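Each chain, written out:
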Amino acid sequence: MSTVIEVSGLSKRFGKVVALDNVSFSVGQNKICGLLGRNGAGKTTLMQLLTGQQFATSGTIEIFGRSPVETASVLERICFIKESQTYPEDFCVKHVFASAPWFFGGWDAGFADQLIDDFRIPTNRRVKKLSRGQLSAVGVVVGLASRAPLTFFDEPYLGLDAVARQTFYDRLLEDYAEHPRTVILSTHLIDEVSNLLEHVIVLDQGRVIIDGAADDVRSSATTVVGPRDAVDAFVGDRAALSRQGVGGLASVTIHALTSDERHAAGDAGLELSPVSLQQLIIHRTNSSSREFEQSA
Amino acid sequence: MDAMRPIFIQIAQRIENDILSGALLEETQVPSTNEFAGFYRINPATAGKGVNLLVDAGILYKKRGIGMFVADGALARIRANRREQFRDEFVRPLLAEAAGLGISRAQLADMILSDTNKEEGVA
Chain X
1 MSTVIEVSGL
11 SKRFGKVVAL
21 DNVSFSVGQN
31 KICGLLGRNG
41 AGKTTLMQLL
51 TGQQFATSGT
61 IEIFGRSPVE
71 TASVLERICF
81 IKESQTYPED
91 FCVKHVFASA
101 PWFFGGWDAG
111 FADQLIDDFR
121 IPTNRRVKKL
131 SRGQLSAVGV
141 VVGLASRAPL
151 TFFDEPYLGL
161 DAVARQTFYD
171 RLLEDYAEHP
181 RTVILSTHLI
191 DEVSNLLEHV
201 IVLDQGRVII
211 DGAADDVRSS
221 ATTVVGPRDA
231 VDAFVGDRAA
241 LSRQGVGGLA
251 SVTIHALTSD
261 ERHAAGDAGL
271 ELSPVSLQQL
281 IIHRTNSSSR
291 EFEQSA
Chain H
1 MDAMRPIFIQ
11 IAQRIENDIL
21 SGALLEETQV
31 PSTNEFAGFY
41 RINPATAGKG
51 VNLLVDAGIL
61 YKKRGIGMFV
71 ADGALARIRA
81 NRREQFRDEF
91 VRPLLAEAAG
101 LGISRAQLAD
111 MILSDTNKEE
121 GVA
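Chain order of the listed sequences is X and H.
Using the numbering used here, the letters of the first sequence correspond one by one to residues 1 to 296.
Using the numbering used here, the letters of the second sequence correspond one by one to residues 1 to 123.
Mixed in with the good hints, there may be bad ones.
Stated by the list, open to error - From the derived model, a few chain X residues whose C-beta atoms are all more than 10 Å from chain H:
#1 Thr3
#2 Glu70
#3 Gln85
#4 Ala109
#5 Arg125
#6 Asp170
#7 Tyr176
#8 Ile209
#9 Asp215
#10 Arg218
#11 His263
#12 Ile282
Unchecked claim - Where chain H lies over chain X, by a calculated footprint (3+ residues, C-beta under 8 Å):
#13 239-246
#14 264-274
Just so you know, the hints here were simulated from the structure itself, not pulled from any lab data.
If you're wondering where the values come from, they're calculated on a predicted model, not measured in any experiment.
Glycine residues also receive a C-beta, built at the ideal position from the N, C-alpha and C atoms.
All chains, please: the whole structure from these sequences, using the hints.
Here it is in structure tokens:
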């Protein structure tokens, strides 16, 4: 499978602030990739660099095999839906959709109309009069209907209600199945998108701390629950991602177990429970649990 | 879904369950990977992994240009596999829970036998 994004040793500093610190990863063609992490982790900066809207301090970026900065042949294949897109002052919603085909060669007006109906977007209203959720919906429609070979959604659904978010996931999956393309989805609603992702990249304080196939990442940890002594004996000197206790009970999250180890845990009267992608990321990016690991 | 197992394995098990229950008959077509992905709201590549697992196990086979079909003998093969896993998946946890509650093996056997008597006629 060919590679669409290839990043190597990428750093970005704003004055004294290190937004990205020696980041390297690659994303294969036609994958839906989650770019996850806490506020200020560097997600938006990374997407600005990948789309040629910022200059890197050091390191290299190749998109479709070339640097994105001022490379028309790369940029015309990219759609970047930003968290807070601004439009010309007197633009109505219909002007947004009328101008989209100028920028996106793959624009499907019929699909856009269907999505406008789905999201109930008032097309005659001025963009600045839209609610936060409606503004997000406009971005989602542009992102989906542009069918760009590489589409970035940066927190695309601020203010979108649960129905509209579900509509977004359903339309994304349907259209992706018919028109495969590479999608980078940055979001804080990890549980909601977890099953849509094939590839997961997690940034924390400007560094990549998780980069792998979603299936592998999802099954990379397990929580052991039971009487404190039994849990401690079972966990032994395995690295603990988090540890909680109440009374004589303890709950410790550790790396995934083999099936023999799972049987051993069952025989010791311990309960094993899965760790969701969201929980895993909380454990890995929560500074209090990191201090715990260092002190352990 | 049972979050303990990877999603692609859960998809494979769902399809197996449908074959076991008779919802999917041998030599009939199963939904496409994209249809599974849409229905369960999962990534199509994940759904494809689940389907491929069953292709490798000889449960499904591909007809070029048409789609996936349930293989001849799939039902018997799934039954045989599930019977092998029965002890680990069901008997062991049952014994562990019974031991925790102080139910003796003899009492447990009684319970099972009296339950099967109620369902007389069921093989």
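Now the hints, each set against the structure:
With a least beta-carbon separation of about 16 Å from chain H, X/Thr3 lies farther than 10 Å from that chain, consistent with its non-interface assignment. Consistency note on X/Glu70: stated as away from chain H, and its beta-carbon is indeed over 10 Å from all of that chain's, at 33 Å minimum. The Cβ of X/Gln85 lies farther than 10 Å from every Cβ of chain H, with a closest approach of about 26 Å, so its non-interface assignment holds. No Cβ of chain H approaches the Cβ of X/Ala109 within 10 Å, the least distance being about 23 Å, so the stated non-interface status holds.
The claim that X/Arg125 lies off the interface holds: its Cβ sits roughly 31 Å from the closest Cβ of chain H, which is beyond the 10 Å cut-off. Not every CB of chain H lies more than 10 Å from the CB of X/Asp170, the least distance being 7 Å, so the non-interface label is violated. For X/Tyr176, the requirement that its beta carbon stay farther than 10 Å from each beta carbon of chain H is not met, with the minimum near 7 Å. Taking the minimum C-beta to C-beta distance to chain H, about 21 Å, the non-interface status of X/Ile209 holds against the 10 Å cut.
Not every CB of chain H lies more than 10 Å from the CB of X/Asp215, the least distance being 5 Å, so the non-interface label is violated. Its beta-carbon lying about 7 Å from the closest one in chain H, X/Arg218 breaks the requirement of being farther than 10 Å from that chain. With a cut of 10 Å on Cβ distances, X/His263 falls inside the contact zone with chain H, its closest approach being about 8 Å. A cut-off of 10 Å between C-beta atoms confirms that X/Ile282 is not in contact with chain H; the least separation is 16 Å.
Residues of the stretch 239-246 of chain X lying with their CB closer than 8 Å to a CB of chain H number 0, which falls below the three-residue condition for coverage. For the stretch 264-274 of chain X, the proposed coverage by chain H is satisfied: 6 residues have a C-beta within less than 8 Å of a C-beta in that chain, meeting the threshold of three.
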